[in-house]
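Q: What follows is the residue order along each chain.
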Amino acid sequence: MSMKSYIAKRLLHTILIAWGVMTAAFFLMRIGPHSPADKYLATLGAGHNVSQVAAAIESRYGVDRPLYEQYFTYITSLLHGDWGWSFSTSMPVSDLIRTHWVYSFQLILLSSIVAILLGITIGIFSAARKNTTADHITTFFSFAGISIPNFWLGMMLILIFSVKLGWFKTYYDTGLPMFSLSNLYALILPVMTLATGMMAGYSRYVRSSMLENMNKDYVRTARAKGLPESIVLRRHVFRNALLPVVTIIMLDMSGIFFGGAYITEVIFGIPGLGWMSLKAVFSDDYSVVLAVTLIGAFVTLFFNLVADIAYTYLDPRIRYE
Amino acid sequence: MESILSVENLKTYFFTKKGTVKAVDDISFDLRKGELLCIVGESGSGKTVTALSILRLIESPGKIIDGRIILNGRDLPGLSPGQMQDVRGNKIAMVFQDPHSSLNPIFTIGYQVDEAITAHKSVNENETTSKSIELLELVGIPMAKERYHDYSHQFSGGMKQRVVIAMALACHPEVLIADEPTTALDLTVQAQILDLFLELRNKFFMSIIYITHDLAVVSEIADSIVVMYAGRIVEKGSREDIMSNPLHPYTKGLIRCLPSDHGEIVPIPGTIPNLINLPQGCVFHPRCIHSMEICRKKRPSLNMVKEAHYVSCFLYGDNHE
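Protein chains in written order, with the numbering used here: chain A, 8 to 328; chain B, 13 to 333.
For the record, the hints were derived by calculation from the structure and aren't laboratory data.
Hints should not be assumed to be uniformly reliable.
Stated by the list, open to error - In silico SDA-like cross-links for lysine to any residue, where the CA-CA straight-line distance does not exceed 25 Å:
#1 B:143 with B:208
#2 B:143 with A:226
#3 B:30 with B:75
#4 A:137 with B:27
#5 A:137 with B:94
#6 B:157 with A:322
#7 A:137 with B:31
#8 A:223 with B:196
#9 B:143 with A:235
#10 A:223 with B:70
#11 A:223 with B:160
#12 B:133 with A:246
#13 A:223 with A:239
#14 A:137 with B:92
If you're wondering where the values come from, they're calculated on a predicted model, not measured in any experiment.
Model the full structure from these sequences, guided by the hints.
A: Right under this line is the structure:
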């Protein structure tokens with residue numbers, strides 16, 4: 008199969024899955040007993056005709072129409088870039104996303120860079136020093152890093168470095184530019200929180216992948232040619248060792264998005280998508296929850312696709328099949 | 013003829029948790045210029061470890077603990093890692109057993125042949141490429157120019173082994189070590205690769221150490237033969253000496269294992285001993301039909317019985333250490 012038709016096929020799969028996820032998420036949200044009117048009605052004083060107000064609200068947002076009709080309306084608007092209306096904030100969901108996504112993006116980007124660079128470096132380091140004290144120490148910290156839940160780590164970091172030592176402020180100031188020194192400084196603890204688990208995991212993957220490749224026959228062939236050990240490691244071991252790691256990192260992105268970043272944002276008060284969706288959940292604002300769920304799903308699908316294509320590009324054995 | 017490579021009292025042990033594996037235990041042999049020396053023995057007899065020791069490619073927990081390996085007057089175990097790098101591929105090249113795994117799957121074969129050249133010579137890219145294509149043609153790869161850009165998975169086993177041989181020839185080494193180069197190949201392809209070796213040897217007057225367990229091959233191509241058993245040399249001599257007048261009971265047994273026009277195949281009873289727990293005295297005595305009292309007590313030394321024909325057995329003279 009040629010590269011182009013392979014990518015086309017994968018793309019089609021991705022679109023189908025995205026549609027499936029969207030459909031499932033949509034209906035699951037609507038199954039819930041809450042109406043968008045509930046929260047508003049709760050704030051209403053006595054003397055109003057509750058059922059009339061509810062009907063008015065439901066009619067305004069189209070939730071009184073049959074479910075299948077709502078579904079088709081939702082798909083059609085989604086294809087036009089309209090994510091629906093946020094009841095709790097009284098603005099289009101797309102505006103809400105536009106204001107908040109950058110904060111998530113900033114946190115995830117910085118954490119990924121830190122985790123990937125450090126994880127790979129530590130992995131190579133401990134592979135090269137296999138079974139030495141240095142390797143045992145990094146192994147210990149890697150397992151600790153993988154095992155510690157990041158909400159706990161985040162709170163501990165705040166407790167130690169912000170509350171006790173007072174080194175970092177515990178809030179993110181949206182009034183300042185995103186990449187202002189002050190905000191980057193405020194991001195140190197959140198990035199540590201999010202990056203630790205990732206970094207620990209990657210260092211383990213890189214280490215085992217490096218060790219596995221070090222014993223390959225072609226590495227011995229490379230040595231037998233008279234190549235210097237540094238080139239043997241860099242070219243024949245590391246390049247091959249990176250193949251599975253690239254996939255793992257790509258696939259990990261979904262975990263970071265849903266698991267890590269959301270919780271980290273909530274703990275540190277970073278106004279990203281996670282923080283936004285948590286607020287939406289508590290106010291039954293299901294267009295927002297649905298939007299954030301779908302964004303997460305789309306990001307996951309996108310990185311799956313990228314991982315597949317990247318792998319195809321990196322490994323000639325797959326490229327030519 | 014002068015000797016180009018001398019192995020003297022080489023001992024390579026592997027220090028494992030279960031005990032010390034004496035993979036190569038005090039062996040000596042000479043390789044003369046232009047000679048094709050065959051090392052014969054069962055699996056686990058130390059053939060490959062001997063080859064890897066010569067190139068100093070023994071990996072932990074293995075170690076050359078004693079002995080000299082003299083290439084043109086230079087003692088290889090005494091060289092610095094940098095000097096040894098210059099010997100590998102340049103003065104002594106090696107072809108490995110399994111061509112399917114001895115090429116790196118993510119680089120083109122052309123690139124890997126280039127590497128073998130540039131590891132030792134500073135030549136520009138165009139020259140390297142044309143030299144590589146020349147080498148690929150020399151080893152009989154059809155359409156070498158086009159195939160230069162292909163990856164190893166696009167080649168058959170025999171063609172892969174030709175590529176590996178091309179890499180080994182890149183710097184016109186004085187000594188070529190071939191470690192069971194045809195074992196992983198089909199029978200018809202084996203014959204082609206064997207022919208290629210003989211052709212190259214006549215063309216370049218290379219000295220070749222050919223490692224095999226296939227006595228039929230040995231009887232075709234060898235100038236001289238070293239028979240190894242459990243890390244030791246039991247007999248060595250010219251092809252005529254060994255094939256027509258074998259002395260050691262093990263060599264005799266090996267030759268009786270060959271299918272011939274007359275007589276049946278007689279297997280040697282028993283298996284090669286555990287290298288951690290070698291029998292006392294002569295390592296072959298538990299399987300030997302001529303085993304005597306002394307064989308159980310003393311290790312026989314390798315003694316010359318006639319010009320250039322050595323045997324390590326008490327049946328021939330009062331041979332003991």
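Q: Each hint needs a verdict: does it hold in this structure or not?
A: We went through each hint and held it up to the structure:
About 19 Å separates the Cα atoms of residue 143 (chain B) and residue 208 (chain B), which keeps this hinted pair within 25 Å; it holds. Of the supplied pair hints, the one linking residue 143 (chain B) and residue 226 (chain A) holds, its CA atoms being roughly 23 Å apart against a limit of 25 Å. Taken as a hint, the residue 30 (chain B) and residue 75 (chain B) pair is honoured in the structure, with Cα atoms around 16 Å apart against an allowance of 25 Å. Restraint check: the Cα-Cα separation between residue 137 (chain A) and residue 27 (chain B) comes to about 17 Å, which is no more than 25 Å; the hinted pair holds.
With a C-alpha separation of about 23 Å, the suggested pairing of residue 137 (chain A) with residue 94 (chain B) holds against the 25 Å cut-off. Between residue 157 (chain B) and residue 322 (chain A) the alpha-carbon distance is near 22 Å, which keeps this suggested pair within the 25 Å criterion. A distance of roughly 21 Å separates the Cα atoms of residue 137 (chain A) and residue 31 (chain B); the hinted pair therefore holds under the 25 Å criterion. Using a Cα cut-off of 25 Å, the hinted pair residue 223 (chain A) and residue 196 (chain B) holds, with the two alpha carbons roughly 16 Å apart.
For the given pair, residue 143 (chain B) sits about 21 Å from residue 235 (chain A) by alpha-carbon distance, which is consistent with the 25 Å threshold. Taken as a hint, the residue 223 (chain A) and residue 70 (chain B) pair is honoured in the structure, with Cα atoms around 14 Å apart against an allowance of 25 Å. The straight-line distance between the Cα atoms of residue 223 (chain A) and residue 160 (chain B) is roughly 23 Å, inside the 25 Å bound, and the hint therefore holds. Restraint check for residue 133 (chain B) and residue 246 (chain A): satisfied, since their Cα atoms lie roughly 24 Å apart, inside the 25 Å limit.
Of the supplied pair hints, the one linking residue 223 (chain A) and residue 239 (chain A) holds, its CA atoms being roughly 12 Å apart against a limit of 25 Å. Restraint check for residue 137 (chain A) and residue 92 (chain B): the C-alpha separation of about 23 Å stays at or below 25 Å, so the hint holds.
Hint compliance for this structure: every hint is met.
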